[in-house]
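> Chains as they are written, first to last, in the numbering used here: chain A, 6 to 421; chain B, 3 to 365; chain C, 12 to 277; chain D, 5 to 302.
The set of hints was computed from the structure by calculation and includes no laboratory data.
Heads up, some of the hints might be wrong.
Think about it this way: if two alpha-carbon atoms lie no more than 20 Å apart in a straight line, the pair counts; the simulated SDA-like pairs of lysine to any residue are [unchecked claim]: (1) A:Lys55 <-> B:Phe32; (2) A:Lys284 <-> D:Asp118; (3) A:Lys93 <-> A:Ser349; (4) A:Lys284 <-> D:Gln59; (5) A:Lys284 <-> D:Ile84; (6) A:Lys284 <-> D:Tyr55; (7) A:Lys284 <-> D:Val56; (8) C:Lys173 <-> C:Asp162; (9) A:Lys284 <-> D:Ser128.
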Amino acid sequence: MPIARGYRLASCVLALATAAALSGCGARTGEENGDGPAAATIDTSGDTIKVGLLNSLSGTMAISEVTVRDALMLAIEEINADGGVLGKRIEPIGEDGASDWPTFAEKAGKLIQQDQVAAVFGCWTSASRKAVLPVFEQHGSLLFYPVQYEGLEQSPNIFYTGATTNQQIVPALDYLREQGVSSLYLVGSDYVFPRTANRIISAYAQAHGIEIVGEDYAPLGSTEFATIANKVEAAGADAVFNTLNGDSNVSFFKEYDAAGLTADTMPVLSVSIAEEEVKGIGTQYLTGQLTSWNYYQTTDSPANEDFVAAYQAAYGADKPTSDPMEAAYTSVYLWKEMVEQAGSFEVADVRAAADGITFDAPEGTVTVHGETQHLYKTNRIGRIEADGTISEIWTSGEPIEPDPYLTGYDWAEGLS
Amino acid sequence: MTRSRLLPLAGFALTAVALFAVAPAVLSDFRLSLLARYLCFAIVAVGIALAWGRGGMLTLGQGLFFGLGGYAMAMHLKLADAGPDGLPDFMLLYGTGGELPWWWEPFRSPVFALAAVLVLPMTLAALIGFLVFRRRVRGAYFAILSQALAAAFALLLIGQQATTGGTNGLTNFQGFFGFALADPLNKRMVYFVIAAALLAVLLITRQLFHSRYGELLVAVRDSEERVRFLGYDPALVKLAAYTVSAGMAGLAGALFVPAVGIISPALIGIVPSIQFVIGAAIGGRASLAGAALGAIAVAWAQTTLSEEFPAAWTYFQAGLFIAVIAFLPGGLASLRHHLTRRRTRATRPRPPTGTPAAEGAPA
Amino acid sequence: MTAPTASTAPAPPADPAALAVRDLRVTFDGFTAVDGVDLDVAPGDLRFLIGPNGAGKTTLVDAVTGLAPATGSVRFAGRELLGRPVHRIARLGIGRTFQTATVFEQLTVLQNLDIAAGAGRSVTTLLRRRRHLPEAVAAALETTALTAHRDRLAGTLAHGRKQWLEIGMLLVQDVRLLLLDEPVAGMSHPEREATGELLHRIAADRTVVVIEHDMDFLRSFARSVTVLHAGRVLSEGTVEQVRADPRVQEVYLGEPALTAPAGGEA
Amino acid sequence: MTVLIGQSFTGISIGAVLLLIALGLSLTFGQMGVINMAHGEFIMSGAYTTYVLQQHLTDAGTSLLLALPAAFAVAGTLGIVLERTLIRRLYTRPLDTLLVTWGVSLLLQQLARDIFGAPNVQTSTPGWLTGRITLFGGEHPVTLSHARLFILTLAVAAVVALTLTLRLTPLGRRIRAVVQHRELAEASGIATARVDRTTFFIGSGLAGVAGVALTLVGPIGPTMGTNIIIDAFLVVVVGGIGRLRGAVVAAFALGVLQALVEYSTTVSLAKVTVLIAIVAFLQWRPQGISTVRTRSLA
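Just chain A, same shape as in the assembly (with noise of 0.2 Å):
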């Protein structure tokens, strides 16, 4: 009876399998596996040193995360036009994490582990950075994270370069309770980003009496805006506060524009929409609505003359900068600056050296705060103009010290 024998050869092979499986079993969780935690093997034996960028470049995030990608390398090939950093020329090694965050996991250990690159630049929605996270503690290796985000983290194997809360939503309050704003209505997608940003926003009006009026959700991708424009016209709040993101913010605005609401009746304040996503909108639905940001391509210094100029040059004279690009340029040369500073690549001496480096970056001169491994930012509130671009209307002056956990604010207690 062949069958018979069959099965038991199968059940055989299936009992060798547990066997080998369990035989394989490695450290306990609580155990320390040998040599304490453990550190990225990087390759330093060529003239070259490897740095991992990993974006989406395909997929629905690939619109944002492209621009972030051009402007990592022009830092890149500028840095190696001077001479590169420790000698040794940057050799980029690019991965798409096609706007899925189990493919950015995926991805971020191949960079690490195979390609034993110095240090990782990229990712871009929360959720991304929350998958590559665990892989880049586990191997101990670095990943330079460029976009504004909702806080509460403080990862010793990343370093933030866009803004914490406590620098764009924050000073985006102040600078509404200036303008007399005394009620808020509260527009997000359903993601952490903008129920983190509610969170605090609701803290801080409670503290500061302005009254939250309405706060609404929609899927990310949804395009349906119709009855959230009614319920905002109907709330009858002094501005929105939009953290909306991506393809929902073309739809709002045109229905916000229907309704019959403007930037003077009631002004829309958004995290979200930089000079990139301006376009795909549509001037017309967005003139005289304000943003928060640290950097627009308009912001008044040397290096931002350069960086524009730059980037056009590389990627074409209609080509916008915006707060992401900016931030993700400046990463790559602060790495470079904490490398040299520490005379080495091993990402415990780069840590080492990060407090205080500091970089003349198109926004104005950044300084790396040691302890959060945030950068000091300055915060800036824009308006929309008709031609597209945005102008800067408020800036809080000085930048201002991360603090992701709000620990420096008294309303903020029991948020985190």
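Since the structure of chain A is provided, determine the placement of chains B, C and D on it from the hints.
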């Protein structure tokens, strides 16, 4: 007869050797963890081969069950990391209050979580199937409906950020039933568990394919009404296959969590659900080996080709998919039969393709 | 061809497997396809159901087997059929065939018959492979002369063989009432003869209802005839009685098959 | 109360968008049994047609009106090409059509990305479509924007035109004949292949028209189709096969339900509610709101 039975067995033994001896020996830790991920997709594909290839139910919503299994496992791992009475880290950050939601509580028990990995998706599939098949919703209606349900589940998860992690999903797991996931040796163990699971799933499905139930399932696929007139309730026949395939997707989702270290709504919605089907379709929807290998090959090609040529990869994948479905509905697995049919007057059934055999016979 | 094992039992069952239809009505979207039909078919009868196109023959069979929702009453072996789902009616021992032979084309002849024989199987039996040929299936293969083709895909059978396979499936299903919708359409002459004889043998201890347009076939094999017209019973009786009915002649005016003298072999 | 009325009007305007995107599908899926997942990309082609026209003709109003027939032609042509090359071979395999056309939709998306770039493009709304009318005044005024009104008018006009075509013209009679009994129609001398092609042209063309309308309310980008297609299919599934009436009722019913639920809860919950309502509805009427009965077994 002997040959036709020994051949698959030899194939099975060969697969076992390849998975347990060859792959761990030649692949780096990183590549092996990639393979572990592909094997999870292969498990889903085997379930799809059962439900779609044999049962004719185009399950465009397998992400729903994959997600249920994955979240059940991830919730347990999160709680285990947090320790007794602890809260998962993301709840401390984004949650409201310091309370664990009641529906998280049972997942502290490893036994409950392991059972839930299979029971949750299968129960839900049984419920959906009962409602849908009983009312004879089928074909495209069923496909669209199952897709919509997967989309709805993803939306629901995203909307409950405080208790499900929202878009971020659940990530950053330290241990797997007491074993540190950071240890490469344990990663290897996870790989072996997944490989064993795939082998077991292949065995079970092969038995189903060749049992009387498997024949009945094909009959239901080809003419549901006719089966009804023979005294069977086709709804129950389909329900069983659908439930089993959901269980496989759930198992795959659960194993995916320790292997890849994340489960998120991005693995559940419409696009991933269709991706699951693509692998099975290209490999061969009604062939076990075809579906499993197809899923692995497509995932592998995605990783390697999309790195180099993201745009070209889309064209290639879409083009291949269109060509296979339109001109080779049995998938690449049916190539073998197309080639050998002339030589051997096969007495075995041709791999069913879901299409009525239109060709007349030389009577 | 040997006789099927089932037909060797000569005694009729204690509970007569009689079909009794009372005031049956089927309406689709305001169109009444069957309009108050009464029909009695006794065990051992071989009843032919004839009538012009649209007379309601197929709809009547649909209603009896649960496919078309109907009002009135259909009782078989004392049980009411209306309101039961299709597969439950089938389990009461009622089987049917369709105008176009409906077999499972992707399965072999053997598999087709095995499925037909197995509605009552337990889950554990279902989950195992078929080790032996069930006796009823072997017998049906013999009866329908399909033994040589048992491993061929049903989809590759010639048309006539498919129809026999369908009848074979009814045999292994062990039904007490067979409803056949044009079982010999498209068959060659010798095939029809063989089918007719097979029906005669089957009908010995079962109730058989045949929808048929072929008048030669009817004259050769019908034990009784019911003529439907516009959803009602127009006439009923033996072939001779029905042929003599002037109303039938009127309905079939211009269709001489029924009234003309029988062909050579009748 | 006025909120309810206001939201109902919002629902109707949502329904009008749903109806426009589902109308072409209702024809190709409902009447021909073809599940065209590339329908969303045909809509996208209509939107891009509007964009291209606006690039060349500076006046937003003229280009929008011109875009209507142009988009109909562009999307219709895409439809014919798809029908000729692939779908024609798959009429007996509806589920495979679904998968094949999904592959086609991937191709078309990538094509759009390569031609127009990955970011969204912008079009401007003509002056006569900005602003709104007030239906009821009062504390909670009920208003309807001109753009929404335009879409509603367009949807109604499309339904009327399609109904008249199907009822009154010889082409319409042929289409209905093929739908009801393909073999019989063929036997009575109707060139079914040509009728199929024409039906597909009209159905796909309607998708193009929907694309023009969507430029007024939503983003124009390579992925816009994927966001739409499931909604459109749900309308057709609920509406039932074979009759436009079902699709019309379904579109407005789903639109109003969505609008009412999302006003009091959230958009996500509203979407989930609508889906559950659809599953429940199919329990009650598995074949949708209205169906054409056929005598065939399958």
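> Taking the hints in turn, state whether each one holds.
The hints, checked one at a time:
no.: 1; hint: A:Lys55 <-> B:Phe32; verdict: holds (18 Å)
no.: 2; hint: A:Lys284 <-> D:Asp118; verdict: holds (18 Å)
no.: 3; hint: A:Lys93 <-> A:Ser349; verdict: holds (12 Å)
no.: 4; hint: A:Lys284 <-> D:Gln59; verdict: holds (14 Å)
no.: 5; hint: A:Lys284 <-> D:Ile84; verdict: violated (34 Å)
no.: 6; hint: A:Lys284 <-> D:Tyr55; verdict: holds (13 Å)
no.: 7; hint: A:Lys284 <-> D:Val56; verdict: holds (16 Å)
no.: 8; hint: C:Lys173 <-> C:Asp162; verdict: holds (14 Å)
no.: 9; hint: A:Lys284 <-> D:Ser128; verdict: holds (12 Å)
Of the numbered hints stated above, the single one contradicted by the structure is hint 5.
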